[in-house]
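2 protein chains.
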Amino acid sequence: MVYKHIIAAIDLSEDSAYLVNKAAKLAQSLGAKLSLVHIDVDYADLYTGLIDINLAEMHERAENDAQTRLHELANNAGYPVAHTLVGSGDLSEEICSTIKDLNVDLVICGHHQDFWSKILSSTRQLISRTPVDLLIVPLK
Amino acid sequence: MVYKHIIAAIDLSEDSAYLVNKAAKLAQSLGAKLSLVHIDVDYADLYTGLIDINLAEMHERAENDAQTRLHELANNAGYPVAHTLVGSGDLSEEICSTIKDLNVDLVICGHHQDFWSKILSSTRQLISRTPVDLLIVPLK
Numbered sequence: 001m002v003y004k005h006i007i008a009a010i011d012l013s014e015d016s017a018y019l020v021n022k023a024a025k026l027a028q029s030l031g032a033k034l035s036l037v038h039i040d041v042d043y044a045d046l047y048t049g050l051i052d053i054n055l056a057e058m059h060e061r062a063e064n065d066a067q068t069r070l071h072e073l074a075n076n077a078g079y080p081v082a083h084t085l086v087g088s089g090d091l092s093e094e095i096c097s098t099i100k101d102l103n104v105d106l107v108i109c110g111h112h113q114d115f116w117s118k119i120l121s122s123t124r125q126l127i128s129r130t131p132v133d134l135l136i137v138p139l140k
Numbered sequence: 001m002v003y004k005h006i007i008a009a010i011d012l013s014e015d016s017a018y019l020v021n022k023a024a025k026l027a028q029s030l031g032a033k034l035s036l037v038h039i040d041v042d043y044a045d046l047y048t049g050l051i052d053i054n055l056a057e058m059h060e061r062a063e064n065d066a067q068t069r070l071h072e073l074a075n076n077a078g079y080p081v082a083h084t085l086v087g088s089g090d091l092s093e094e095i096c097s098t099i100k101d102l103n104v105d106l107v108i109c110g111h112h113q114d115f116w117s118k119i120l121s122s123t124r125q126l127i128s129r130t131p132v133d134l135l136i137v138p139l140k
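Note that the protein sequences, when read in sequence, are chains A and B. Just so you know, UniProt numbering puts 50 at position 50 of the first sequence, and the rest follows in order with no gaps. Just so you know, UniProt numbering puts 101 at position 101 of the second sequence, and the rest follows in order with no gaps.
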């Protein structure tokens with residue numbers, strides 16, 4: 001078996017459904033498990049000055065929202081999704097720890113041409129850090 | 001069908017057999033065609049001063065050598081290889097034109113940690129230029 005557990009890194013942009021669909025087709029062809037992960041920005045990193053008391057609440061709300069949207073994507077994938085995970089913090093770090101926790105052997109991520117530099121930098125980090133194969137899907 | 005024609009970009013290092021093997025397994029699982037490509041350095045770019053008369057001969061010899069080694073890899077792949085191609089020049093440019101010529105829909109390439117910066121730069125070029133999916137396999 002080429003890959004046993006595929007994880008798709010989802011940024012919840014409008015192209016996410018396309019990426020999930022591609023990941024689902026690949027997982028189905030290979031008989032692999034499929035999971036979805038979304039890594040949110042770390043809100044604590046955005047506020048270096050006084051921290052608002054509502055930060056925790058805001059973070060929780062964003063996390064719930066992300067979880068809801070991930071579940072929607074999972075339900076429309078046309079293939080059973082084993083785990084939907086929402087984390088926050090450094091993308092490559094979080095994905096590497098997920099890889100270890102869930103015995104993932106393939107990471108799928110998209111890249112947009114429009115906010116290129118940001119994605120390139122996440123992708124570059126992933127390329128240099130991920131211990132497993134990485135499938136990069138170009139998005140419009 | 002997720003992918004119809006997979007091409008593996010081979011640098012003819014000692015890890016090439018591992019990469020070919022992985023590409024062959026994936027192609028087999030997906031019922032896709034498999035091709036191998038090696039992009040040689042462009043010798044003309046290395047000599048900016050006086051150009052030796054034997055440059056053409058040297059280039060031809062290197063190309064024949066690369067073709068022989070690609071054929072060996074193809075024969076040991078355990079899966080039929082449709083095309084073995086040797087080119088020279090800019091990696092991402094050559095691969096993009098191969099993608100178009102052969103209707104490739106997935107490119108597989110390895111990356112070494114040891115001569116990282118060089119590969120990162122080829123990979124970065126590939127990420128930003130390839131119109132199709134790119135599978136990056138970490139090598140030791």
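Among the hints, erroneous ones may be present.
The list treats identical chains as one, so a pair stands whether inside a single copy or across any two.
[Unchecked claim] Subject to a maximum C-alpha distance of 35 Å in a straight line, what follows is the list of computed DSBU-like cross-link-like pairs (lysine-lysine):
(1) Lys25 / Lys100
(2) Lys33 / Lys100
(3) Lys4 / Lys100
(4) Lys22 / Lys100
The set of hints was computed from the structure by calculation and includes no laboratory data. Computed from a predicted structure; not experimentally measured.
Same-copy or cross-copy closeness of lysine 22 to lysine 100 [CA-CA at most 35 Å]: Answer is both: 23 Å inside a copy and 21 Å across each meet the 35 Å cutoff.
Homomeric proximity label, lysine 25 with lysine 100: Cα distance no greater than 35 Å: both (24 Å within a copy, 23 Å between copies)
Homomeric proximity label, lysine 33 with lysine 100: Cα distance no greater than 35 Å: both (15 Å within a copy, 32 Å between copies)
Intra- versus inter-copy proximity for lysine 100 and lysine 4 (alpha-carbon distance at most 35 Å): So lysine 4 and lysine 100 pass the 35 Å test inside a copy (13 Å) and across (31 Å) alike.
The structure meets every hint from the earlier list without exception.
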